[in-house]
Amino acid sequence: MEREDSKSRARRKKVWHGMSWLYAIVIYLFLYIPVFVMIIYSFNDSRNNMVWQGFTTKYYAKLFSDSGLWEIFGNTLLIAVVSTLFATVIGTLGAVGFKKARFKGKGLITYSVYFPIVVPEIVLAVATLMMFSLSDVKLSMGTMILGNITLLLPYIFITVNSRLAGMDPSIEEASLDLGANRFHTFINITLPAVLPGVISGAFMGFSLALENLVISSFLADASTTNLSMRVYSMVKKGVSPEINALSTLIFLVFLLMMAVYGITNIVRNKVKLN
Amino acid sequence: MKKKNSEEKEKISIAKRISQIALCGPVTIWSVLFIYVPMALLLFMSFMTKGPLGIIKYEFTLENYKAIFDSVYFNVIKESVLVALITTVLSVLMGYPFAYFMAMKKKKISGILMILLMIPFWTNELVIVYSFVILLNNSGLVNTFLQVVGITKEPLSMLYNNFAVIAGMLYMLLPFAVLPMYSSIEKLDKGLLEASKDLGAGPVKTFFKITLPLTAPGIFAGVILVFIPTIGYYQITDMLGGGTQMMIGNLINNQFSISRNWPFGAALSMLLAVLILVMLFICQKIGGNLDDLAA
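So the sequence lines, in the order shown, correspond to chains D and B. Numbering-wise (our numbering), the first sequence opens with residue 1 and increments by one. Numbering-wise (our numbering), the second sequence opens with residue 1001 and increments by one.
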């Protein structure tokens, strides 16, 4: 009797185990099918890319001779790189400083740093547009970058903060006691300790800036377009497979970057263990 | 001797001051200049009068806020809240079992599952939304599949309606529901589940009495992280709703692209911001912890 009970329990556990994996696979299918569609339809021989018309690689060839699209890609990359750099520096300094500093209004500033995640992006986009327009600042790539920096700051702040939370404050104190000045302590002690947080925040920010639509399109002048704005403008007539080809290439570069980063981390950990 | 000591202390405190300013200064200036000033101007603009041809007349008025309660606009707001709520509920219902599944695996496996969850989001959001157009249109992949298999004879209309909009939003926001729920389930003391089982509670009772209450903060965080972007999205509603579906985001966007009515756009944006801040406040009052958002 008891034996049968444990047998049926084992069977039930097995069924449960199988069902939970099945559920996970369904979720992953939901997430990956659109990605595969993006990749497969970059080989679609159809200009508006709604229905499969046959296999071609011509859009990849076309991609490399399309100077208009390269300009858009250049804009997108420039905006993403510059805003990630600024946001990373400002956010990292701020997160480190805010941990210890006590001053009036610190709470208000902290809340406002998180504001862009807490409130829909379009609100900030509209508000920033109004500020530039009322103060007669001409819209340009510069204003797009300013908007993107504000948007990325909270992500850097959060990832650096989570590293700081796990850091032993006595190491910094020891460095100061042993005669290092505050600048050297920051460069040699604090920064290396929070670096993984800085990198993951910067990576997250960069990938967000690369696909930003809302704040970029509100703060763009008539002649500057980024990739997402281009896609958005094409939607009504159908998005060309060329865009899919470019997006697929960007996606592959991202995968490669992550793989390299992951592998170097594993190798470094192994070296440390040895 | 004593004097020297205090001098030295003063020197240290000056150095401390300078380092504090260098560290906190940039972010403080930034958030004043790019959060507080724009939001103050937004508030100011929402009380101004719209002139002809999109010119702004600087005369105080409450008309912009009154217009929100016009039935046309108010229906859009009701619709937005409804769509956002449905998306939020679905993403929690779909995401929780998945988060639970990940959290119960070994560290190494759950790490891999987590990376697999993030990879699709390194693609361009709009190109992926367009994948939904390819999948869901009348002669698209899903309809072709359903007809070939013989489940349906006629193509189902799955695009340019709320179904497509909610599917697209669910796609974009599912990980934001999963991540905080995962981190709170992972922190759950598994000993409690064992204890509950040993004391004779079944799995269902254990779930509702132990697991669910203890992981509620993660669910709260997930709800907030999904609801907020959903209610402001205009690109997904536009691309998958085909212009038939309007949400607050579209309405705001239209005030800048088509109607050129900045004061009304400002009033709608203020409404959206206040709505969200009130929601966050309530969530914090009933026990949600905003720190969970960071996890």
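Worth flagging that the hints you see were computed from the coordinates, not collected in a lab. Please note: incorrect hints may appear among the correct ones.
In silico DSSO-like links for lysine-lysine, alpha-carbon gap of 30 Å or less [to be verified]:
#	chain 1	residue 1	chain 2	residue 2
1	B	1105	D	270
2	B	1153	D	236
3	B	1209	B	1106
4	D	13	B	1190
Going through the hints against the structure:
Distance hint between residue 1105(B) and residue 270(D) is fulfilled; the C-alpha atoms sit about 24 Å from each other, no more than 30 Å. The suggested pairing of residue 1153(B) with residue 236(D) holds, with an alpha-carbon distance near 28 Å, which does not exceed 30 Å. Proximity of residue 1209(B) to residue 1106(B) is assessed by CA-CA distance (about 25 Å); at most 30 Å being required, the pair is judged to hold. A threshold of 30 Å between alpha carbons decides the hint, and for residue 13(D) with residue 1190(B) the separation of about 17 Å falls inside it, so the pair holds.
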